[in-house]
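A.B. asks: Mind docking chain B on chain A? Use the hints.
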Amino acid sequence: MPDVSVRDITKSFPGTLAVDHVSIDFHAGEVHAILGENGAGKSTLMHLLSGLYRPDSGTILINGHPHQFSSPRAALAAGIVMVHQHFMLIPSFTIAENILLALPGSSQRRIDRKALVQQVTTLAAQFGLKIESPDTLIAALSVGSQQRVEILKALAASARVLILDEPTAVLTPAEVDNLFTVLRRLKQERYLILLITHKIPEVLAVADRLSVLRRGRLVITTNTYATTPQELAQLMIGELPLPATRSLSPPLTGSDSKSTPPPLLFLDNVSASASPGGIVLHNLSLDLRPKEIVGIAGVDGNGQTELIEILLGFRQPMQGTFNIKGAQLTQTTPTQMRDLGVALIPQDRRQEGLALSLSVEENLLFNTQRLAALSPGLFLNPNDIRQFAIAQIDRFGIRTSSPAAPVSSLSGGNQQRVVIARELATHPQIIIAANPTRGLDLGATDYVHRTLREHCQRDAGVILISTDLDEIFALSHRIYALYQGRLLGPVAGATGPNTLGQMMTGVTTSS
Amino acid sequence: MTARPTSLVSLLLALISAAIVITIGLSFAGISVSSVFANLWLGAAGDAYRLSETAVKACPLLFTGLAVMLALHAGLWNIGAEGQLLLGALATAWVGQYIAALSSALAIVIVVAVSLSAGFLWAGCAAYLKQKHNVNEVISTLMLNFVAVYLVSYSVHGPLMEVAGQYPQTNPLPVTATLPRLFPPARFHLGILLALVVALTVWIFLFRTKAGFRLRATGANPTAARFAGIAVEREVTIAFVLSGALAGLAGGIEVSGITQRVYEKFSPGYGYTAIAVALVGQRSPVGVVLAALFFGALDAGASAVQRTVGVSSVLASVIQAIVVLFLAAYSTDTIQRLISRISTRFALLLLVGVAFLCSH
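The listed protein sequences correspond, in order, to chains A and B. Position 283, counted from 1, in the first sequence is what numbering that gives the first Met the number 0 calls 282; the numbers after and before it change by one each time, with no gaps. Position 335, counted from 1, in the second sequence is what numbering that gives the first Met the number 0 calls 334; the numbers after and before it change by one each time, with no gaps.
No lab work stands behind these hints: they were computed from the structure. Remember, predicted model here, so these are calculated numbers, not experimental data. Hints should not be assumed to be uniformly reliable.
As the list claims (entries may be wrong) - Simulated coverage check for chain B against chain A, where a stretch passes if three residues somewhere in it have a Cβ under 8 angstroms from a Cβ of chain A:
1. 201-209
2. 226-237
3. 299-308
Ideal placement from N, C-alpha and C gives every residue a C-beta, glycine not left out.
If we strip away everything but chain A, and leave its shape as in the complex, we get:
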């Protein structure tokens, strides 16, 4: 029964110190929660344990003996397995076949299918893992079922330490209860469960001990009973002083101004179903008015993607109403939303924002608003395109060898400038900015923030969806939290940061 320890362990990536001299002792027979925001270093720490990364310095001890893992397979040999948030199963294989693949020595030629099925069934029964017949294809399973197969896979491979990465993110409440029952049973059998999470209620429900990470550093390791949810939220988020120059303003209401323009964007009681592995949105109500930035804070995977899909017209609300500038929308398409003046700075610029094989100037043309803004008619004028590109490169300080250079040759920050230059070039009234500064250096971040504020002052409204609380507080006039598909808030005045932290981690649902 292994006790696992990390001692003074450090891992850096170019530009960031992801794990900074962390030491924790984990004991066999406990559920140990690793708490932290996005980017706190909890996943990196667990990847060090599971053999995906190698530490820059520090040691991993198993039962007091130092170990070095060169690969996840080496970690498995020592009994450590990570169950990833995105399952590593082959959809066209059956449950039994997927489990077989994970077994050591699976390269042997003969497969005793009967014995395998027997073993899988026994293991499943022993730990209360309800699964379909081992001959069912993975593709036919629900997300919860797939997760149970992942756990079974680890158990069948004789793992004794299970690392679960945000295991409840994609589960229904009933499935969460079931998972916790399984975890408790594993604990009784002296397994060690490491639970990566940002949801404090779950920690309280299932963890014996917990460690909080913030910006790569260990904040505390303690017994769960010795702490309170409020304290944990505070420890996770840290101190967030409000910027002195700005304060949160209440939303404009109809009585405040003489002529009340309709809100730019208005969601009333909108719900949406989940795509496979996604989040269900529940009863979202949100309005956006000119000259304001509405911040939506939250840890990744709480419905941000689904909300963006609604706002961009990819996904239809199942119920509720969606208005843009006073007009109610029914069947929406991205083309229509673009026509209505909605611009998007997407979360993933390389996948969703740019065509890497095209040139900088072509990427500056890459949305229907920009295309429509060009000279009317069917044809493109290369001189206009070039001149526009040169103007944007100059105005946004995009560092590129030439407007015709492929955008893939630019640094991340400059690629983001290309996206922002394009999206804001047509002076859209509604700007949806999703993690607009993720991965940027300080100078570039500052620049993006200034640009968003400028556009806001010019009558645009911005919905800022971000996991970065500094950014949310620095820019927003009103702040909400997105937690498990529900929009909480708005957060009021001076108690802001604490309340927001508690909302994002599920401690409280109201300000």
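C.D. replies: Same frame as chain A, but now just chain B:
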């Protein structure tokens, strides 16, 4: 907007490598390498007539190559240019029976329109299957090729068989519907000029119109295109039917310009060679023109090699295949990283050097 220098370098290296492999192969077979290459050159470009033959062979490859290239720009593999070409040819032969009385200009316009439409509709089947039933276009276009082959076979044995009833082939087109030859007796016909005009049009469409930009944007990153408000499904359909129309036109022009009739084995696989043409042409219209000429020259030259040296004209296909294989090998990431260090000028010099060595 132009092919990257590295891809030009890899093309040149592929040509060099192919020349070396062919040289080695011929040497092993005890055949004079220099006479093969000399006759290949003479057969393709020895005199005006040979040049005209090269252009004649290049013509259907240019149309179909442009078709495959257009689809590739939208991120689609049109493996069905062969079938679309056959349908275009068949439709031309069919409509030819009814337009004998018309003026020549009108008849030719009808030939163009009918063959375009036939290819358009045939590719439209694949586009429909893709949009409505999510059928992979590689599978559907490939399968439709077989349907087209048997449709031609059935037609020339049945409803469209020549009146004389002697051979399984259609009646010849009426003279009015025949494309004029510009330098008789050479077979250089008006369709070859039309092909060049179409190449220019495709270039303008792709690189100088908003519709072409939307299509290329879709091919470059469909996810980002969707986020950008581009109706990706619509672009895919447009690219597909335009591609099919170009391939259909290839069939119509071939019937009207060269064969006058449709018969089984009407196409020696133009639609498949077109895929190689589009790849060797580096997805640029100018590149496709050059690649079609190169492939046409190989075809024309290989016939001469067969006559004089006695090496089978299959040699053309072998060279084409080796070039494409090397091109594929040189497109892999690791090799691209090496190639990016080689300058275009150096590769050109190398090519000239190897050509010189081979011919001596």
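A.B. asks: Against chain A, does the region 201-209 of chain B show at least 3 residues with beta-carbon separation below 8 angstroms?
C.D. replies: Per the Cβ count (4), the hint holds.
A.B. asks: So is the region 299-308 of chain B in contact with chain A by the C-beta rule, three or more residues under 8 angstroms, or is the coverage claim wrong?
C.D. replies: violated (count 0)
A.B. asks: Quick check: the region 226-237 of chain B, covered by chain A? Criterion 3+ residues, Cβ under 8 angstroms.
C.D. replies: holds (count 5)
Violated hint: 3 only; the structure is consistent with all others.
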